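Engineer: This is what each chain is made of:
Protein chains: 2
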Amino acid sequence: MKPVTVLDTTLRDGMLAEGVSLTPEDKLELLALLDRLGLDYLEAGWPYQFPEDLEVFERARELPLNAKLVAFGSTRRPETPPERDPNLKALLRAETEVVHVYGKAWDLHVEKVIRTTLEENLAMVRETVAHLKRLGKEVIFTAEHFFDGFRRNRAYALAVVREAAEAGADLLDLGDSNGSSLPREIQEGVRAVLEFAGEVPVGIHAHNDSGLAVANALAAIEAGARHVQGSIGGYGARCGLLDLATLLPILKLRLGLDVVTDEALRNLTPVARAVVNKIGVGELDYHPFVGYKVFTHRTHAHVAAVLSAPEAYEPIPPEAVGNERRLLLPGIARASYLEALAARHGVDLSDDSAANQRIREELLRLEEAGYTYEDAEASFELVLGKLTGRFQPVMRVERLRLFEVLRGKRDPVVEASLRIKLGPKSEYVAAEGEGPITTLFAVLRNALREVEAELGPLAAYMDRLRLLAVRVRTFYPRDKKELRARVTITFGDGRRAWSTIGISADLIQAAWQALLDGVEYGLYTEAERAGLQLPLFL
Amino acid sequence: MKPVTVLDTTLRDGMLAEGVSLTPEDKLELLALLDRLGLDYLEAGWPYQFPEDLEVFERARELPLNAKLVAFGSTRRPETPPERDPNLKALLRAETEVVHVYGKAWDLHVEKVIRTTLEENLAMVRETVAHLKRLGKEVIFTAEHFFDGFRRNRAYALAVVREAAEAGADLLDLGDSNGSSLPREIQEGVRAVLEFAGEVPVGIHAHNDSGLAVANALAAIEAGARHVQGSIGGYGARCGLLDLATLLPILKLRLGLDVVTDEALRNLTPVARAVVNKIGVGELDYHPFVGYKVFTHRTHAHVAAVLSAPEAYEPIPPEAVGNERRLLLPGIARASYLEALAARHGVDLSDDSAANQRIREELLRLEEAGYTYEDAEASFELVLGKLTGRFQPVMRVERLRLFEVLRGKRDPVVEASLRIKLGPKSEYVAAEGEGPITTLFAVLRNALREVEAELGPLAAYMDRLRLLAVRVRTFYPRDKKELRARVTITFGDGRRAWSTIGISADLIQAAWQALLDGVEYGLYTEAERAGLQLPLFL
Numbered sequence: 001m002k003p004v005t006v007l008d009t010t011l012r013d014g015m016l017a018e019g020v021s022l023t024p025e026d027k028l029e030l031l032a033l034l035d036r037l038g039l040d041y042l043e044a045g046w047p048y049q050f051p052e053d054l055e056v057f058e059r060a061r062e063l064p065l066n067a068k069l070v071a072f073g074s075t076r077r078p079e080t081p082p083e084r085d086p087n088l089k090a091l092l093r094a095e096t097e098v099v100h101v102y103g104k105a106w107d108l109h110v111e112k113v114i115r116t117t118l119e120e121n122l123a124m125v126r127e128t129v130a131h132l133k134r135l136g137k138e139v140i141f142t143a144e145h146f147f148d149g150f151r152r153n154r155a156y157a158l159a160v161v162r163e164a165a166e167a168g169a170d171l172l173d174l175g176d177s178n179g180s181s182l183p184r185e186i187q188e189g190v191r192a193v194l195e196f197a198g199e200v201p202v203g204i205h206a207h208n209d210s211g212l213a214v215a216n217a218l219a220a221i222e223a224g225a226r227h228v229q230g231s232i233g234g235y236g237a238r239c240g241l242l243d244l245a246t247l248l249p250i251l252k253l254r255l256g257l258d259v260v261t262d263e264a265l266r267n268l269t270p271v272a273r274a275v276v277n278k279i280g281v282g283e284l285d286y287h288p289f290v291g292y293k294v295f296t297h298r299t300h301a302h303v304a305a306v307l308s309a310p311e312a313y314e315p316i317p318p319e320a321v322g323n324e325r326r327l328l329l330p331g332i333a334r335a336s337y338l339e340a341l342a343a344r345h346g347v348d349l350s351d352d353s354a355a356n357q358r359i360r361e362e363l364l365r366l367e368e369a370g371y372t373y374e375d376a377e378a379s380f381e382l383v384l385g386k387l388t389g390r391f392q393p394v395m396r397v398e399r400l401r402l403f404e405v406l407r408g409k410r411d412p413v414v415e416a417s418l419r420i421k422l423g424p425k426s427e428y429v430a431a432e433g434e435g436p437i438t439t440l441f442a443v444l445r446n447a448l449r450e451v452e453a454e455l456g457p458l459a460a461y462m463d464r465l466r467l468l469a470v471r472v473r474t475f476y477p478r479d480k481k482e483l484r485a486r487v488t489i490t491f492g493d494g495r496r497a498w499s500t501i502g503i504s505a506d507l508i509q510a511a512w513q514a515l516l517d518g519v520e521y522g523l524y525t526e527a528e529r530a531g532l533q534l535p536l537f538l
Numbered sequence: 001m002k003p004v005t006v007l008d009t010t011l012r013d014g015m016l017a018e019g020v021s022l023t024p025e026d027k028l029e030l031l032a033l034l035d036r037l038g039l040d041y042l043e044a045g046w047p048y049q050f051p052e053d054l055e056v057f058e059r060a061r062e063l064p065l066n067a068k069l070v071a072f073g074s075t076r077r078p079e080t081p082p083e084r085d086p087n088l089k090a091l092l093r094a095e096t097e098v099v100h101v102y103g104k105a106w107d108l109h110v111e112k113v114i115r116t117t118l119e120e121n122l123a124m125v126r127e128t129v130a131h132l133k134r135l136g137k138e139v140i141f142t143a144e145h146f147f148d149g150f151r152r153n154r155a156y157a158l159a160v161v162r163e164a165a166e167a168g169a170d171l172l173d174l175g176d177s178n179g180s181s182l183p184r185e186i187q188e189g190v191r192a193v194l195e196f197a198g199e200v201p202v203g204i205h206a207h208n209d210s211g212l213a214v215a216n217a218l219a220a221i222e223a224g225a226r227h228v229q230g231s232i233g234g235y236g237a238r239c240g241l242l243d244l245a246t247l248l249p250i251l252k253l254r255l256g257l258d259v260v261t262d263e264a265l266r267n268l269t270p271v272a273r274a275v276v277n278k279i280g281v282g283e284l285d286y287h288p289f290v291g292y293k294v295f296t297h298r299t300h301a302h303v304a305a306v307l308s309a310p311e312a313y314e315p316i317p318p319e320a321v322g323n324e325r326r327l328l329l330p331g332i333a334r335a336s337y338l339e340a341l342a343a344r345h346g347v348d349l350s351d352d353s354a355a356n357q358r359i360r361e362e363l364l365r366l367e368e369a370g371y372t373y374e375d376a377e378a379s380f381e382l383v384l385g386k387l388t389g390r391f392q393p394v395m396r397v398e399r400l401r402l403f404e405v406l407r408g409k410r411d412p413v414v415e416a417s418l419r420i421k422l423g424p425k426s427e428y429v430a431a432e433g434e435g436p437i438t439t440l441f442a443v444l445r446n447a448l449r450e451v452e453a454e455l456g457p458l459a460a461y462m463d464r465l466r467l468l469a470v471r472v473r474t475f476y477p478r479d480k481k482e483l484r485a486r487v488t489i490t491f492g493d494g495r496r497a498w499s500t501i502g503i504s505a506d507l508i509q510a511a512w513q514a515l516l517d518g519v520e521y522g523l524y525t526e527a528e529r530a531g532l533q534l535p536l537f538l
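Chains as they are written, first to last, in UniProt numbering: chain U, 1 to 538; chain S, 1 to 538.
Think of the hints as simulated: they come from the structure by calculation, not from any bench.
Keep in mind the model is a prediction, meaning the values are calculated, not measured.
Treat each hint with caution, since some may be false.
One copy or any two copies: either way a pair holds, since identical chains are not told apart in the list.
Restricting the straight-line Cα-Cα distance to at most 27 Å, the calculated cross-link-like pairs of lysine-lysine (BS3-like) are [claimed, not checked]:
id, residue 1, residue 2
1, K278, K89
2, K409, K425
3, K425, K386
4, K421, K137
5, K2, K89
6, K293, K409
7, K386, K409
8, K409, K112
9, K137, K293
10, K112, K293
11, K409, K421
12, K2, K137
Working from the sequences, and respecting the hints, build out all of it.
Structural biologist: Next up, the structure:
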């Protein structure tokens, strides 16, 4: 048996994060992805509150999941028998083996939020759990606002949990539902419940309103809890929930608790990144363990040390969670970083040959202009590939015109024309569209269609390219004179995704550059993969 | 005396956060801002590593700061007398009353990073502290990597701190420099140092690589530490540092420690937001206590409860940290949120008059189209003001044309022409510029210059408007058909800043809408403020 079981509620409590909304398709994709973490329970929805979740449960039955699927709901309403309660009926329609119900453990909430008596609330807990047990379910009971209640009316908070225990709940989970508790208070509460819980495991559901969710989960486990609930990326209402992407490496690597296998832990970084990309809110840049920028070393001393003794500056080995180290130096010393980045793409810039000098100078010049490749590595690979001869440039843009008219409430008209050299041919094409970026993308694809015969199988590939996301940030460079745009575009071909970057005082020019980079990158790397020449372009 | 003193190092250790870089002017502005928090120490730079920080110290002397200014540096180099050591000479050139020096407390770092003997490292600590004390400085000594060292070579880690204590350090600060320690380990380390520290306060400098910096600072204080170091927003290398914006409310409101006054604490949210805006990296949306979205309530039950008993769903009263509550409901019930937002702008939508119905419908229609106003409240105020008659629209765009040519490496040419009705006049103007957004801004300003006489004093105001930032995110709406752009633009007039939003499949249209909103908002609210009519436009 696992020392601590883990319930992921990214797809249920995580959905209460502001700005988050997923379709049933999204949730099904995410379920398959989350299951790669080897967790015990995946909570997929709240059928009463969000009826569309029933579709998720219905279709999830066909997924080959290792985790147990969990449906969530509340205890019965006041004065309503459980078998007639609409919450519980919706919950049961999910047809999961495991159900998760919550009841109020803070007298203030009983009286002010659900507006019933303290006695009726105890009956609601007891009868709900008993009803679900009679139906053969595994029942996780969460005492909502347990710790808030424990601080103000200890006897009542404990009485609520005791009702659930006596009614046969399989797991007594304690909610720090406002995220207002301190680790010491969590431990007191957990210990008080353990006094009567017997063999039934006690768990913790921690919110992060005080930035302490991870610490509170650790404190609970130290006090004897054997179950935690959280989300990947910490999604949840307000400041979010316990972030499993932070907690799991600590449990496994620092405390030696076998909550997941070594192999599953190595999936953590890719899964967390995929989850955040899919949800489309929040980011992982500086996130413990799985962040893009967290095994980054920026000063000479750090870089030198980390190369000989990685533990000197890293809390865990990045590869244990599927992450990787990045060496990054300010100013002129950035050369070493670029060297390391180049090495990752198979290019050795370490010796001082004239060719390497030239490559380094060009990379540093780009850097000076504001190019950073953390979120646009395809552009780096492309620049490097062109400098080293891995990629032979096949196109040269001679003139691009963009024209747009807005008239009142009518749809905008956007037109683009492009004169471009594709190998020996010079093409002139036009396109129209709904916005500048999609129109520029269209005009470039139209140009490539003109050389369809020469592209051969790559022509069909070009049709698979999609724009997945466009991001623009503006910044004032050091001299503070002129606002510049930094555009990154993410492309996909249905199989992989890559991102490129463009920088210019002109947003359109920056976007055009990122577009060109993305299309070139797709084309060249697909040609490599398929072992195809680009004969036209030699 | 304060129970715990606080050192803010946003401007020193915070600068090691990836992507962060500030000019001396920025730092001086931020110093004045940070001082509103009433902290004990403000660390403003590292003169040896970043010589431009000397300018900051020189000019900061003229600022009327309440906090003590601190300069940072390392202990002397191996085999170099302190009076000849370049690090220490640079440090002393800052001419601060308080200096903060760090020495290595982990034998691995002594041997692998600075590559000297364990004995020489002890001498470096002792002689550095003694040298600075002889010069009359208040000396904060940080034992870098203390907790890592304490776990592996306890005797040596303690010996390093003891050297500093014996040499006269005024504060013994212990670094969890990799952020790899757990709260229990922090407490053990702090207690071990307290055994010999005597009257000298012990402090903690916690990194956040395990998401535990706040918890570790609390653990240290519980164990007897009387000093903490951190940054506002948690800026720092990798995953960042102890975030003072999270810790301060807990110390003051949950533990009752008088680290700052009530009044200073109320400055926390505005100061934190200003710091993050100035630094331009990271965001505070979901940040404990000071975030934009953290006193937000989204379901019926939450909203109803929070109105009668705020503590039911809030860990602290938002106003205690200068934040405010937001009520936000999904779907049709969002009406209540819009009502609350409207109420904040002095408009009562609660009764069901026909006028209110119309306003609510229009707001919900915009919402449906993807408009959310969290980061663009000026657009909300403008829409509402137009619907209620507070603002009389003065301009109607009849036709906007944008034309752009890119040719190889030459600068792009961007031109715009605009036919616009300004009150009874119809104007036709053109502008050219370096990018579409600045060009659109220019053409709109050119149009307003045509009615300069009618605008009177507002004409000069228009010249003060600046674009401070432009952000674009794309998203697929629920039907997933068509990528849409969400553009927000921040404007400033030198005195205040406001943000607006535009949404469209067409990036240019979205930007144009945000631009128009921003200019209209500036114009109308400035007219209100100055008590001016816009006679032209009646």
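Engineer: Confirm or reject each hint.
Structural biologist: Tested hints:
1. K278 - K89: neither (31 Å within a copy, 52 Å between copies)
2. K409 - K425: Classified as between: cross-chain Cα gap 21 Å, same-chain 41 Å, threshold 27 Å.
3. K425 - K386: Answer is within; shortest intra-copy Cα gap is 20 Å, inter-copy 55 Å.
4. K421 - K137: neither (67 Å within a copy, 68 Å between copies)
5. K2 - K89: Neither. Shortest intra-copy (32 Å) and inter-copy (57 Å) distances fail the 27 Å Cα cut-off.
6. K293 - K409: Neither way: K293 and K409 sit 44 Å apart in one copy and 33 Å across, limit 27 Å.
7. K386 - K409: For K386 and K409, the Cα distance is within 27 Å only across copies (17 Å; inside one copy 45 Å).
8. K409 - K112: neither (48 Å within a copy, 67 Å between copies)
9. K137 - K293: Neither. Shortest intra-copy (43 Å) and inter-copy (37 Å) distances fail the 27 Å Cα cut-off.
10. K112 - K293: Classified as between; 24 Å across copies, 45 Å inside a copy.
11. K409 - K421: between (38 Å within a copy, 15 Å between copies)
12. K2 - K137: within (21 Å within a copy, 55 Å between copies)
Violated hints, in rising order: 1, 4, 5, 6, 8 and 9; the structure is consistent with all others.
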